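Enquirer: So you can see what is in the structure, the chains are spelled out below.
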Amino acid sequence: MIEQIGFYVVSTALLVSALRVVTAKNLVHTVLWLGLTLAFTAITFLMLHAPFMAAIQIILYTGGVLTLMLFGVMLTHRDTGLLTVPNPSNRRTSGVLLGAAVFAMVLAAIIRTDSLPDAAPVPMPIAGLGLAFLTEHVLAFEVLSLLLLAAVLGAIVLARKGDPLPGRDVEAPRIAARPEPKPNTDAPPAAPHRELEPVSKG
Amino acid sequence: MGIEAYLILSAALFSLGVFGLVTRRNAVGLLASVELMANAVNINLVAFSRFQGGNTGQVFALFTTAITVAEVVVGLALVIVLFRARGDVRLDLASELKG
Numbered sequence: 016m017i018e019q020i021g022f023y024v025v026s027t028a029l030l031v032s033a034l035r036v037v038t039a040k041n042l043v044h045t046v047l048w049l050g051l052t053l054a055f056t057a058i059t060f061l062m063l064h065a066p067f068m069a070a071i072q073i074i075l076y077t078g079g080v081l082t083l084m085l086f087g088v089m090l091t092h093r094d095t096g097l098l099t100v101p102n103p104s105n106r107r108t109s110g111v112l113l114g115a116a117v118f119a120m121v122l123a124a125i126i127r128t129d130s131l132p133d134a135a136p137v138p139m140p141i142a143g144l145g146l147a148f149l150t151e152h153v154l155a156f157e158v159l160s161l162l163l164l165a166a167v168l169g170a171i172v173l174a175r176k177g178d179p180l181p182g183r184d185v186e187a188p189r190i191a192a193r194p195e196p197k198p199n200t201d202a203p204p205a206a207p208h209r210e211l212e213p214v215s216k217g
Numbered sequence: 007m008g009i010e011a012y013l014i015l016s017a018a019l020f021s022l023g024v025f026g027l028v029t030r031r032n033a034v035g036l037l038a039s040v041e042l043m044a045n046a047v048n049i050n051l052v053a054f055s056r057f058q059g060g061n062t063g064q065v066f067a068l069f070t071t072a073i074t075v076a077e078v079v080v081g082l083a084l085v086i087v088l089f090r091a092r093g094d095v096r097l098d099l100a101s102e103l104k105g
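One line per chain: the protein sequences are P and F, in this order. Just so you know, the first sequence maps onto residues 16 to 217 in this note's numbering. Just so you know, the second sequence maps onto residues 7 to 105 in this note's numbering.
Simulated from the structure, these hints should not be mistaken for lab results. It is possible that some hints are incorrect.
Think about it this way: if two alpha-carbon atoms lie no more than 20 Å apart in a straight line, the pair counts; the simulated DMTMM-like pairs of lysine to aspartate or glutamate are [unchecked claim]:
1. P:LYS40 with F:ASP98
2. P:LYS176 with F:ASP98
3. P:LYS40 with F:ASP94
Given the structure is predicted, the values throughout are model-derived calculations rather than measurements.
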């Protein structure tokens with residue numbers, strides 16, 4: 016009974032914060048509601064007897080992805096005041112129709128399935144997860160580490176500023192208000208260099 | 007709660023993510039909607055792992071988590087490049103391949 020009430024409370028909170036993610040008017044609000052959604056997903060994992068997944072969810076998603084998105088928001092707005100980043104949305108009716116269609120499709124698939132698994136919760140040791148990674152799925156694990164390396168390198172190469180790659184023109188952004196630095200050839204520096212006076216020996 | 011409740015929850019979260027994906031004009035908002043969809047998939051996988059026994063669902067969920075994090079990293083790098091090239095990150099205006 017308590018478990019059912021808990022499930023309904025957590026799932027309602029999860030869906031409400033997900034709804035606020037996709038309908039917030041301010042982009043910073045979107046990202047913050049996303050953080051709350053990720054935290055409620057971690058609670059859902061705890062309800063599903065998966066504490067390791069919950070911990071990884073908190074560490075990676077709310078700790079990593081949320082911070083990255085906040086950086087992304089802060090770095091990509093045009094100096095219009097930080098707290099009012101606008102977040103408009105269009106095509107709402109087709110969005111609602113598409114979302115409803117996807118939900119109806121998956122709901123139909125769930126209802127029509129003959130036998131869904133239903134077992135009692137078995138305590139799953141985390142060591143078993145680690146062992147599965149290193150014995151049964153070791154190839155995918157190594158490929159995943161290569162993929163993470165590629166992602167990090169790719170992000171660094173993409174977002175780096177300054178040194179031009181051959182064939183890529185970095186010096187010509189289309190943003191208007193960026194005057195090119197004038198070389199300072201008018202006047203010599205104002206104050207002449209002053210020699211240090213020798214310390215007088217008394 | 008049976009598994010159906012968790013599957014319906016995951017489906018609802020996924021469809022909210024789809025709504026956000028179609029509706030959002032800002033690129034970071036779009037990435038947030040993709041995050042919602044990935045979380046819905048994770049809930050689905052972990053629910054199957056719990057109700058069927060065995061590790062496979064959680065292992066799969068960890069893989070998809072890591073891949074989603076990598077995707078968000080690359081996506082945000084692309085958003086930064088887009089901002090440098092155009093001055094804003096409105097995806098409905100970024101509709102030409104040139105430049």
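Enquirer: Are the hints correct? Go through all of them and say.
Expert: Verification of the supplied hints:
no. : hint                  : in the structure
1   : P:LYS40 with F:ASP98  : holds (17 Å)
2   : P:LYS176 with F:ASP98 : violated (25 Å)
3   : P:LYS40 with F:ASP94  : holds (17 Å)
Comparing the model with each numbered hint stated earlier shows that hint 2 is the single one that does not hold.
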